[in-house]
Amino acid sequence: MMIRFRFLFLTACMLGAAVQAFSIFQTADASIQVAPTKSNFKATGAAKSDSPAQLVTANSKTRVKATSAGWVKLAGGETAAVVRFEIENGWHMYWENPGDSGAPPLAQLSAMQGWTLLEPIFPRPSILKTADDTEFIYNNSWEWLLPIEGPAGASPPACSFDLSWMVCKENCEIGRARVEFAAAVGDIPPAGAVRLGRSIATMGATATFNSKDQAITIFGDAGKTANTNSKNSSANTAQFIPAIIPGVSLKFTGPFQAKLRDEKFTLNIPIEIQPQNALGKPIVFKGLFLYGQLDSDCCENIRLPLNMQVSQP
Amino acid sequence: MKHSRLTALLTGSALLFGAATFAMADDTKKDKKHDKAADTTDTKEKRVKVGEQVPNFSMTDVNGKTMQFSDFSGKTVVMEWVNPGCPVCVGVTKGGLVTKMIADAKAIDPNVVFVMVNSTAATANDPKATATYLAEHKVVANAEVIDGSGVIGKMFDAKTTPAVYVIDSKGTLVYSGAFDDSSDRGSTPGKTNYVINALTQLKAGEKVSPDKTKSYGCGVKYAKSQNG
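Chains as they are written, first to last, in this note's numbering: chain L, 1 to 313; chain G, 1001 to 1228.
Bound-form chain G, shown alone (with noise of 0.2 Å):
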């Protein structure tokens, strides 16, 4: 009987003592795999593409007024991602680009949405330098944004100012990239505004093409809390 009693619990010890290095040995494994999905793969909070449908977010701009995209819903909508210190994005928007796209663009859809954007920790923490930069430059926009924390730029992947993404008035992202084709950082306009090209196209009930560009202009610099 005690001789039962101890394979008994010798046995049990055993089992116990198998699962868990069973367990462990497959959190370790789970750990490398994880491990290794950081390695080859993007961590990065999700970052809506061409293609995906836009979800909703919270908006606050230059005067503290907290709107949502959805407010937009219905409408075809135009983000571009400013910066008052970018001497490009100074350039396009000095040199009457911005207003001239705005301008066109709203002959193509009158109900065409424009939001300005800025993500740029450096200049977003004073939002009347924004506004003061679009007010100065002629820019009249649906709403102009302050995005400090970056989460709107991060959610959109912006990377330099300007940029442009439209977004078609079933919500999904139709192009993403580059204000237009200029050969010289804007300082001349390019042949090819992307914008309108794409709202030329949408409305002619058209794919768009091209969908995605590569932008060029100063670099986004997040704030750092953001950075993880």
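Pulled out of the complex, with its shape left as it was, chain L reads as follows (with noise of 0.2 Å):
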């Protein structure tokens, strides 16, 4: 059985100046309360000065600050709430999926009549390996995409997250917060690659499933890893990482690397099927194809429905 797929977002992985230039969303209310952190805390990105939305932040008892970044519109029309967390150094976040221990951080949106939290949208993660484990994290700082959904035509009202999260080093603390955004007034800008993080849709990457082998193949364009960051050697490299995918068995957590051939990616992954295990729900071989080596470099998102009969729990 031969599968393809094509990219859940659209606009092409366009880093740099040009996004660099992307201007935050200005917002009814300006109004600024940051709570004290921690003493040793150390910013290593402030949120960007022209953000008049960094309206409520900030956990005292953990490493992280988490602060409103303003609106931003998807692809697919969504509007998204931005919240921007800094960690403190040392420490890291989850992907949204860990890999072999931890766990992603969690949103939810004040009752708000009329509007609902979509699928949150996890930049690219860092690959974190030890010994004993491989993790998929952020440190430093991240943003990370809340998408809502509510009556046609409507801007987002003010509106409140209430988020927790798991934040390690050698041991792990849960930290939460409420970040309140303020309602979206006129144009609401485009999220952007660099805010995206991934999805960087018209990479060209397609993935297929074999049944007979139990194999996914991915390949993916050499050619367009021109727009990573990353130079030279290191910018012909890519590997695929998981997400959490019910259902699948894995070998191992990842990454898988890929091989370069004839100017295209290479992937074969061997997977094993366990409908028992897909918690009633479809089996969706999914996660992320990173092209180069940077963070900062281009992803795009794999989805393959495999389609498979699966019990209910």
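There could be a bad hint or two in this list.
[Claimed, not checked] Only pairs whose alpha carbons sit at most 35 Å apart, straight line, appear in this in silico DSBU-like list of lysine-lysine:
no., chain 1, residue 1, chain 2, residue 2
1, G, 1049, L, 212
2, G, 1154, L, 281
3, G, 1106, G, 1046
4, G, 1203, G, 1224
5, L, 281, G, 1100
6, G, 1224, L, 212
7, L, 286, G, 1049
8, L, 281, G, 1046
9, L, 169, G, 1075
10, L, 281, G, 1106
11, L, 129, G, 1214
12, G, 1094, G, 1191
13, L, 251, G, 1075
14, G, 1046, L, 259
15, L, 129, G, 1224
[As the list claims (entries may be wrong)] Covered, in the sense of this in silico footprint (three residues per stretch, anywhere, with C-beta under 8 Å from a C-beta of chain L), are these stretches of chain G:
no., region
16, 1179-1193
17, 1201-1213
In short, the hints are calculated from the structure, not lab data. We treat Cβ as the ideally placed atom computed from N, Cα and C, and that holds for glycine.
From these two lone chains plus the hints, build me the complex, please.
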């Protein structure tokens, strides 16, 4: 069975000056309340000074500061709240699939009639390898996009998100904060590649499932890596990190390294399909195809429904 | 005569050289094969997978008492990895989810054995802390095991705390993974506790499903001496 797929979001990978020029959406209420943070907190990437949207932030007990960083428009038309995390030096938070251990942050939209929180968008993570574990993490600072959906044509009203996260170093801590967003006013700017950090569509990667060999094959166009920030040899590398895929067992956590041949990245990932572990949901092979080696390089969202029959839990 | 001796000597040398070269080349091939295997396969210790028989192993509890896994032969065994220093582990324990799980499990199978294991090096070096932690939260287990060397944890490939493993009465690992399907790291209980789910299915004579889920929680930081 050969299944082809295409990616979720649209914009091409336009890193650099064009995105640097991206301005944060102005909100109606520019009041700033920043709660005190731990004294040893080291802000490694202060929120942009032109952001008036830093309304409520902070968690004084843990190693993370969370701030609102305005609204952006996604390619699909949804509006997303941008939460900026700044993490104390040496500590890290987790991607949607934390890897061997950890847990991703969670968000809950405050009760707001007619509006719902869609699936959060995580940017490209770093890969942390230790003797025992591989983890997909964020350190320093990163931005999390929380798309919300409401009445057609309506701009997001003032709202808040209750966030919780796990932040780890040698040990782990749980942090919580409520981050408030002022109502969106005026035109909402597009998210841009840097903010999305993934799903940089039209990079040309395809994935197929070979049922005979029980393997996923991913092809990526190496020529497209010219858009990456990696130089020379590092630009000619690609790897895949899997999301959490109930019903699919992989040999290891990843990352899976692609081979470069004839300007094509090729990656073969043996899988074991376990419908009994799909938790009653359709089995979808998914993850991120990472071009280059730098955290700021492009990546592409891979999503391949396997159309397996799964039993109800 | 001299000539034939010389020929024999040269022929013998050539044969020896050829054999040695062949052997060396073969060794190189083997080394390359080994390197390739090391790159592509899991070279770590033998790990027990779902569906496999759990081999016997020794355990030392918080009081220094040694016991064997085979001591629980014929009974269903639930092993849970714990760490008093992990907020997620503390969350499910403090929230009463562990004591409820044990009570619910005993209602299904009065003979079920619970083994709490601490393999996290940083806290395993203080067995009393683990004992106190479990006692404070009224967790009554059949064994409270300290695995400071990480041998047991690595055998089960325990990555997080909490993480649970169910071994049926025949000694087969029938479930590994998360404590439950909580959507918020155990802060609120999930709809399904996977241990109770497994025990219910075992009692009904059914195949355990799901038999593998992704556990959530803090990483088990093993003692560095074991990391190789």
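Hints, one by one, checked against the model:
This hinted pair checks out: residue 1049 of chain G and residue 212 of chain L have alpha carbons roughly 24 Å apart, not beyond 35 Å. Annotation: proposed proximity of residue 1154 of chain G to residue 281 of chain L holds, straight-line Cα distance about 30 Å (limit 35 Å). Proposed proximity of residue 1106 of chain G and residue 1046 of chain G is supported: the alpha carbons are some 31 Å apart, at most 35 Å. For the suggested pair residue 1203 of chain G and residue 1224 of chain G, the alpha carbons sit about 40 Å apart, so the restraint of at most 35 Å is broken.
A distance of roughly 28 Å separates the Cα atoms of residue 281 of chain L and residue 1100 of chain G; the hinted pair therefore holds under the 35 Å criterion. As the CA atoms of residue 1224 of chain G and residue 212 of chain L are separated by approximately 41 Å, the hinted pair breaks the 35 Å bound. Note on residue 286 of chain L and residue 1049 of chain G: the hinted pairing holds, with a Cα-Cα distance of about 24 Å set against a maximum of 35 Å. Of the pairs offered as hints, the one joining residue 281 of chain L and residue 1046 of chain G holds, with about 32 Å between alpha carbons and a cut-off of 35 Å not exceeded.
A C-alpha spacing of about 38 Å is found between residue 169 of chain L and residue 1075 of chain G, which places the hinted pair above 35 Å, so the restraint is violated. For the suggested pair residue 281 of chain L and residue 1106 of chain G, the alpha carbons sit about 30 Å apart, so the restraint of at most 35 Å is met. For the hint pairing residue 129 of chain L with residue 1214 of chain G, the CA-to-CA distance comes to about 19 Å; that is within 35 Å, so the pair holds. Note on residue 1094 of chain G and residue 1191 of chain G: the hinted pairing holds, with a Cα-Cα distance of about 18 Å set against a maximum of 35 Å.
Restraint check for residue 251 of chain L and residue 1075 of chain G: satisfied, since their Cα atoms lie roughly 30 Å apart, inside the 35 Å limit. With a CA separation close to 29 Å, the supplied pair residue 1046 of chain G and residue 259 of chain L stays within the 35 Å bound. About 14 Å separates the Cα atoms of residue 129 of chain L and residue 1224 of chain G, which keeps this hinted pair within 35 Å; it holds. Counting residues of the region 1179-1193 of chain G whose beta-carbon sits less than 8 Å from any beta-carbon of chain L gives 6, enough to reach three: the coverage restraint holds.
With a threshold of 8 Å between beta carbons, the proposed coverage of the region 1201-1213 of chain G by chain L holds, since 6 of its residues qualify and at least three are required.
Violated hints, in rising order: 4, 6, 9; the structure is consistent with all others.
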